[in-house]
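**Student:** Chains as they are written, first to last, in this note's numbering: chain V, 29 to 147; chain F, 1107 to 1612.
Treat the hints as calculated values from the structure; they're not laboratory data. All values derive from a computational prediction rather than experimental measurement. Treat the hints with caution; some may be incorrect.
Claimed, not checked - With a Cα cut of at most 20 Å, we get these calculated EDC-like pairs of lysine to aspartate or glutamate:
1) V/K106 - F/D1534
2) F/K1579 - F/E1520
3) V/K123 - F/D1571
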Amino acid sequence: MQAATTVNERTSATASGNPVALLCLGGDISSASKDVVLDAYHRVDTAIASVLLDFTGVGYINSSGIAIVIQLLLEASKAGSRTVGIFGLSPHFQKVFTMVGIPKYAALYSDEASALAVA
Amino acid sequence: MDYNKSLIAEKAGVRVPKKVAAPTSAAARFCLRRYRAVLPACFGLLAFLTAGAQSRTVQPPDLQQLQQQIAALTASFDSIPYLVTALLLLPIAVACLVLWWNARQFRAFGSVGMYLLMVSVLFYADYRSSRLWDAIFTSLASLFIVEMTADALHVAKRRWIGAVRLVCLAGVALAWVQGLHWFLRVPVDLSNAVVMVLLIIRLRRPVPQARLILPAIGIIWLFRLPLDPTIHSLVPLPFTFTIAGLRWYFGPCAMVLFGALAIAIFVRELIEDQREKERLAGELEAGRAMQQVLLGAEIPVIPGFRIESVYKPASEVGGDFFGILPAPPGGVLVVIGDVSGKGLRAAMTVSAILGSLRAMTVAAPAELLCALNRILIGSVDGGFVTCCIAHIAPGGFTTTANAGHLAPYRNGEEIPLSPGLPLGITPDTEYVEYTSRLAPGDRLTFLSDGVVEAQNVSGELLGFDRTRAISSKSAEAIALAAQTFGQEDDITVLTLQYAPAEVKHA
C-alpha cells in the first residue's frame, strides 16, 4: 500500500545569502502525488530564484512519480528564471534519476548542506 | 447518549419519568385508571370470600405501594419504543458488520455497523433504565459516529479525530465515577461538532462515493443537534410523536431509517464494485491477450547471434515490451522498454510502439528514438516510455541509444550510455549514440526495471549492485533470481550473445 505524499514548505538561504525555497517531500511519489507536488511548487514565491526538492522523507518513487518530477523540472527550465536542485535521494534513486536524464535539468546533491553551499 | 431519555429530558428541561413517578403516556394513564378502579374492588371481593377462615391474615395491600408498582409497570411500558428500536437496529448493525467482514476494503461498513450496534445497546440500556450503561454507550456511540462519518464520507482521518477518541474513551472511564455524569455531554457535543466539520468538508469538496450517504448522515446529525440544551432552547423542536398510545422519539426512529438506508447504499456500492471488478477483469484479459501477441511472437533466428528472452508478467498487465528485429544486411535491432502505468492503456501504447518500429526503415537507434518520441508526445497521459535500442551490425559493430531505460550490461559490466529523457515528455529531445564493437562470445544483457526493483518482504530492493552481479547469467536465471527476491512489476530479460563462428558453419 502506498503512503500518501506530503510536502512541507520552508525557506532557507544559500551560503551567499540568497533565499532558497525548500520543498520537503514525504511518503511515496506516484501518479497520485501530482497535485500535491506541483501545487507546492507553484506556491513558491516567484521572487525566489532557487528551489530545492528534499527527498529525504520519500520512501518510494515509481515511474509516474519520476514523470511528475521531470514535468516540474521542465516547467522550471522553460520559465528560465529559476534553478532547481535535488537532495536526499538514496543511491538507488540517484542512479535512476541520472538514468532518466534529470541531471540535465537539476543538480543532484547528497544533502541539504552541500545543496545550500552550491545553490 | 444520543437519545437517552433522561439526558434528553434533562437537557430539554422536561420532567424525567422515574420508576416511581406518574406515568406520562396516554396508554399508561389509561392502565393506571383501570387498575386503580378495579384492583381495590378485587381485593375487597377476595377478603369478603375468605372472611370466615382467614379474616385475620388477608389484608388489602397498601394503596401507595400498589400505586408505586403500577407506576413502575407503566414506566416500563413507556420505554417499549426503546426496546423496539434496539431490536430493529440490532440486525441492521449485524448486517453491516457481516458486509464489512466480507468486503474489508469498505471500512465504512464496519464503522457504521459498530455505531448502530452501540446505539442498539444504548437503547436497550435506556429501556432497562440503566444509567451506567447509558453513559458508557453514549460515549461509545459518540466515538463511532465520528469514525463512521469520516469513513463513509471518505475524509482522511486527521490528528484531531484522535483527540475525539480520547475524549470519548474518557467518557467511558468516567461513567463509573459518581458525580461526573455531566461529562457525558462533552463527547456528545464534541462528536456533533466534528461530524458537522466532516460534513462541511465533504459538502465543499464532493466525491462521487459519498453522494448517497452524505444526506443520510446529515439527517442523523440534525436529529442529534437538539441534544445540546442551548440549541434545543433556541429551536424547540418536538422530540416525540405518539402512535398506539406509545410515545416515540424521533431520534431512534431516524436511526432505524438511517440503518436501513445505509444497508441499501452499501449493497448498491457492493454491486457497483463487483461490476467494476468484472469490467476491469475483462480489460485485464484483453490487455493480457494483446501483450501475449506482442511479446509472445517467436524470436527470429538471426545467424551469428544467440538470443534468449524471458518475460514474467506481474499480476496486472504491465507496460514492458521488447522486440528483436532483423536489420539487413545480417544485423539485428534489439529494442526494450517500459511504458509507465499498467492496464489496457499501457498495452495499447506498447502496440503503437512495436507497430511503429516495424514500419520504420532506418536502423540508427538515436533516429528511431526521436521518431518514437514524436509519435508518443501527447499520448502517454502524463507518464512516459523508457526505451533502449541497440543495433548490432555484422562484425559486432554496435550502436546503442537510450531514452531513460536501464543501460544494458556487456559481460557483466554496465555500458556507459549517455542518459536521455524518456519518450513522450518533450518533443525536442535528442539522443546520443554510443558505439562499441563486440568480440566473439560477448554477451549483452537487457533488462526491465522489474529486475532492479524486485523487492523482498522487508522492502529492500534487489538494486543495481546485485543486478550487475547476476547480469552475465542466462536470461532465465536472472529472471528467476529477481522473481525469487520478490517480484513487484513485470520482469523482462533479454540476452544476446555474439557468435560469428556459427555464421561460418551455417
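**Student:** Compare the structure with each hint and give your call.
**Tutor:** Do the hints match the structure? See the list:
Among the hinted pairs, V/K106 with F/D1534 is consistent with the structure: their alpha-carbon atoms are about 12 Å apart, no more than 20 Å. Annotation: proposed proximity of F/K1579 to F/E1520 holds, straight-line Cα distance about 14 Å (limit 20 Å). Our distance criterion of 20 Å between C-alpha atoms is met by V/K123 and F/D1571, whose separation comes to about 11 Å.
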